[in-house]
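Following the hints, position chain Y against chain R.
Quick mapping for you: the protein sequence lines, in order, are chains R and Y.
Heads up: the first sequence begins at 27 in the numbering used here, then just goes up one per residue.
Heads up: the second sequence begins at 850 in the numbering used here, then just goes up one per residue.
No wet-lab data here; the hints were simulated from the structure.
Just so it is clear, the structure is predicted and the values come from calculations on it, not from any experiment.
Every residue, glycine too, gets a C-beta built ideally from N, C-alpha and C.
No incorrect hints appear here.
Here are the in silico distance ranges between beta carbons for each label pair:
| # | chain 1 | residue 1 | chain 2 | residue 2 | range |
| --- | --- | --- | --- | --- | --- |
| 1 | R | Glu128 | Y | Ile902 | 50 to 60 Å |
| 2 | R | Ala254 | Y | Leu898 | 36 to 46 Å |
| 3 | Y | Ile902 | R | Gln290 | 45 to 55 Å |
List of simulated lysine-lysine pairs, DSS-like, C-alpha gap at most 27 Å:
| # | chain 1 | residue 1 | chain 2 | residue 2 |
| --- | --- | --- | --- | --- |
| 4 | R | Lys28 | Y | Lys855 |
| 5 | Y | Lys856 | R | Lys34 |
| 6 | Y | Lys855 | R | Lys205 |
| 7 | R | Lys269 | R | Lys125 |
| 8 | R | Lys148 | R | Lys125 |
| 9 | Y | Lys856 | R | Lys205 |
| 10 | Y | Lys855 | R | Lys34 |
| 11 | R | Lys63 | R | Lys372 |
| 12 | R | Lys205 | R | Lys34 |
| 13 | R | Lys125 | R | Lys250 |
| 14 | R | Lys148 | R | Lys63 |
| 15 | R | Lys269 | R | Lys250 |
| 16 | R | Lys372 | R | Lys250 |
| 17 | Y | Lys856 | R | Lys28 |
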Amino acid sequence: MKSTTFRKWSWVHTWSSLLCTIFLLVVCVTGLPLIFKDEIVALFDDGIPASDLPADTPNLSLDGFVLASRNMYPGQVIISIYFDDDAPWAVVTLAPSWKDFEAGRRAAHWLRFDARTGNVLKQSQPAAEAGMSAMGIVREVHRSLFIGPQGELFMAGMAALFIIALVSGAVIYGPVMGKRRFGDVRRYRSARITWLDLHNMIGIITLVWAIGVGATGLMNDLAKPLLAAWQATDVASMLVAYKGETTPAGTELTSPQSALETAQAARPGMIVYSIVFPGGSSIGTPFHYLVWAHGSEPLTSHLVIPALVNARTGQLDAVITMPWFLQALQIARPLHFGDYGGMPMKVIWVLLDLTAIIILVSGLYLWFARRAGTARAVYSRTDADSAVTVVR
Amino acid sequence: MNVIRKKIRLWRGPVVCGSSIAFGLLAALLGQGYIWHGLAWAALALPLLAIVIFAWPWKRYVRG
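The shape of chain R in the complex, shown without the other chains:
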């Protein structure tokens, strides 16, 4: 590599890293507890445990959960029902009205049922009253630094800089190593040289993991605006036929259980995990049950397919195919979290996260040490010049 080319890539690596380092440190540190979020949430969960029943015990009808929820909170609207993949729970989300829900979602609260017995296991308070949980705070800092949608876009920019830093780091790795072997750490030289070698060695070994986590982090940050754009264009065009219709009243709604069965029959082999009730436009449509399902195979289990079931007639109006970039996003999403391979994988993810922290901190140290070294060199040169002047 020519020395000018090397200098350009080195400049790109230095400045793309420096601009994002502090934010990446925040992301790496807040990411550590998020790897174990399921275990931490379960540890502090004060809900009643689900009944110990055989694994093949079928779930109760959705209509029963809807009726029980309406009896407990008359006058409120049901926003959605969600089935947990890992626990036999049906979680019903309610709000005083769709308008309140769409104003900020902090008015929403939920009821957790045992999906097989119908027993209420836990009730939440609205977020506006209960405040945010510790894990919620950590997640918000990790995702958007608590700045909201602009924060998510900012973090997407930082993730893009991180990827540039990784690629430029890989480009200059060869010239920096010169004739030395892979993994050579010069402990007999200064601390700066030792840390430079450690930085290079750990960086090149974990490069693929870091690019994977950075790229999927970037995709996750862009997911919301992309989904909103898709809803505003493709989904909105599907709803043109319903222009002028009113949202069905509670008494006009067809059975949610039959809506679920209709959607399931249209997509055999898929597992329904959520049903959004008609009324809103931010997470569903005013006229349909929006039924979300995912596949049952390892690859398709991360791919979600929504279906629209007419809430008045109970007919299937559409099975929506998401655009390729949203499908790719769904499949790649788990690669960011490291929570899809059991506890050993989570422990490995923590160790890889710690190596990323070492790379970031050592990068900062190398930059400061180099600046200090340059300043010392200039200072001693000036001293030498002065000495020469004095001798003269």
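Showing chain Y alone in chain R's frame:
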């Protein structure tokens, strides 16, 4: 020939570690059961093991 040999010597390790990580991530994502997950854990642990070996503070080093 010598240049190619040097490049192989320098890049062999990173390519093995990168491939191991890529395999581990995909095996855990797409594989089912303990065999695939076990392979994924081993593949992801390999680069960490390499870091420990190369960064081991009491490792004997050869000058030059």
